[in-house]
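Novice: Chains Z and C, in that order, are what the protein sequence lines are.
Residue 302 in the numbering used here is what sits at position 302 of the first sequence, and the numbering runs on without skipping anything.
Here the numbering used here = 1-based position in the second sequence + 1000.
Rather than coming from a laboratory, the hints here were simulated on the basis of the structure.
Be careful, since some hints might not be right.
Claimed, not checked - Here are some of the chain Z residues that sit facing chain C, going by a computed Cβ distance under 7 angstroms: (1) Asp187; (2) Ala258; (3) Asp276.
As the list claims (entries may be wrong) - Partial list, derived from the structure: chain C residues whose beta carbon lies under 8 angstroms from chain Z: (4) His1157; (5) Gln1158; (6) Thr1192; (7) Gln1194; (8) Thr1208; (9) His1217; (10) Val1221; (11) Leu1259; (12) Ser1261; (13) Met1278; (14) Arg1316.
Backbone N, C-alpha and C fix where the C-beta goes; we use that ideal spot for every residue, glycine too.
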Amino acid sequence: MAEQEVLMAVENLNKWFPVRKMGRARGYVKAVNDVSLQIRRGETLGIVGESGCGKTTLGRAMIRLTDVTDGRVIFDGQDISRLSEKELRPLRRDMQIIFQDPYSSLNPRMTVGDIISEPLVYQNMYSASERIDRVRELMDLCGLDPVYIRRYPHEFSGGQRQRIGIARAIAVNPKFVLCDEPVSALDVSIQSQVINLLMDLQSRTGIAYAFISHNLNVVYHVSRRIAVLYLGRVVELAERETFKNNRAHPYTRALFEAIPQVGFDEQQKKAPLSGDLPSPVDLPSGCVFHTRCPYTQPRCRTEVPDLREIDPGHYVACHLV
Amino acid sequence: MTDKQPLLKVRDLCTYFYTEEGIVYALDDVSFDVARGQTLGIVGESGSGKSVTALSIMRLVQSPPGRIVSGTVELLGEDILKKSRKEMKQIRGGKIGMIFQEPMTSLNPVYTVGNQIMESILLHSDCNRKQAKERAIEMLRLVGIPLPEKRFGEYPHQLSGGMRQRVMIAIALSCNPQLLICDEPTTALDVTIQAQILELINDLKQQTGASVIMITHDLGVISRVADEVMVMYAGKAMEYGAARDVFTQPRHPYTAALLKSIPNLEEDVERLHVIEGMVPSLSKRPQGCLFHPRCKQAMTVCQEKRPALTTAPDGRRVRCFLHSDAVEKEAAHG
């Protein structure tokens, strides 16, 4: 991959949260473990996994909304993993976030105009009068009628609120937007509106997205490449098409088989995985998936599988592949 | 549907909420049957009235502001809307079991799970405490919880989401209900756990012969478990028929649009199909067909008159002027 194509590179990233008892760290929730991946300019990288697999923590570490325990995050050629809040501030213009819950992520006491212009004020962009024009333009771009600029969030529906959140995120013309479950709280008929909006904005402005979701159908639809996370590790990473016919990791296969599809395949009736996710405090030895894997070998219990490239652009962490 | 008397027969059920902003027509003139051993899927977006349907059958609609205005809900030929409070208490958890969406908030955090299963058994049967405990442990084993004797004494917070939902199912099934109502039972769960729970519900249905009403917004879940499906929109049934037929050959424009709007692994599309606009407010409903403002095939008549739910020769019921000219009769109330 050409160096200038890569917008964000995550290298051997670890994020551990201490579990404190009596004030002392007695262990760590190992939310993200040795994750390396890259996001190219203008592409969408989908990040999928079940709850507790570390996808949100990984996303937040990427844009430094949380500190990094170990490893590096290189954004646009600059290592941002150790920067202070102050040093990060100018960089925030290039990286933004869209949150899951369109109800709690908008300040109920601010008008839509104030919400969307806040990042512009914070980044000192445009004069006050230009800002209003910019906000109107953004509202229009995101499918909101600019006459509602003085309204408050509670006057909007869930889908419209998510449009406000999107307008706020793209206000500063970022190069990268982290979409953390952006459509999970929306109704089915509204989801497709918001997904289309996000994809239109990308083709128009060339924003790169990291699209985090537990909904594989949605991630598959929006992404160019997809990373599958399990217990804080990337178990498979490949172009989206690979996930259609060529899923290699047993966990990926189980995950995709578990999605109920509209249709009447008799073969999809059986639950592919038994058991629950192990605790991220005491990670299983060896391959993190061996406790639920139907093909576990003795080697899987002791040796951690590396993420290997089995085909060009197709990475899998499994001893058996 | 068989000729036999259905287990549950709901006719012309209307549940309205009388609020300061006006009357909210949450459930308007809904009729359906649940045959023995069958699963009826009720699918719809938020505000379509699917949960109110469940609450109305259980008579758990909060009143005021809610009120079941008219209709009948016959369980084995008896109208349960006419039952007294005391009789209802026996029916809930006895003949009808219910599983809710959020397994954390529907379990009591200060009682052990064993205690909560026993509570239901003691209320609905003549068991003594020892027998009830045995039965509770047996139920935990039945729903696939490992080490049931140990789990019996644990509190809800010690269990994972999937395990909690299994406990909820154990409670709901502990008194051998004839009807199990599941309101979004897997929405809060991960897909691999969801698949386990759906399989469990299906297996238990086979074993006990109970009927199931599965309420969800997820069309995939419905197609995995349901024999029949009712598609609801703005408090009304829009389409109703055998699940396989409805999903493979939808007739109502809303069903068709909904099916097209979900991304699907099998079919790659550049852009998702969109249903423009949003679900109408249930207190200020549009004139004519409730879906016409968002319908791509809307005609003049759709703006003026409300279509009735009509039955086609093959048994499919659709509420749309594209399929029948029948107009809904004026509601006598509200």
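Novice: Against each hint, give a clear statement of whether it holds in the structure.
Specialist: Now the hints, each set against the structure:
1. Asp187: Because about 4 angstroms separates Z/Asp187 from the closest Cβ in chain C, which is inside the 7 angstroms limit, the hint holds.
2. Ala258: holds, 4 angstroms
3. Asp276: Holds, about 5 angstroms.
4. His1157: violated, 14 angstroms
5. Gln1158: violated, 12 angstroms
6. Thr1192: holds, 4 angstroms
7. Gln1194: holds, 7 angstroms
8. Thr1208: violated, 19 angstroms
9. His1217: With a minimum Cβ separation of about 6 angstroms from chain Z (threshold 8 angstroms), the hint on C/His1217 holds.
10. Val1221: holds, 5 angstroms
11. Leu1259: Holds, because the Cβ-Cβ distance from C/Leu1259 to chain Z comes to roughly 6 angstroms (cut-off 8 angstroms).
12. Ser1261: holds, 4 angstroms
13. Met1278: holds, 5 angstroms
14. Arg1316: Status violated, d = 17 angstroms.
Hints 4, 5, 8 and 14, counting from the list given before, are not met by this structure.
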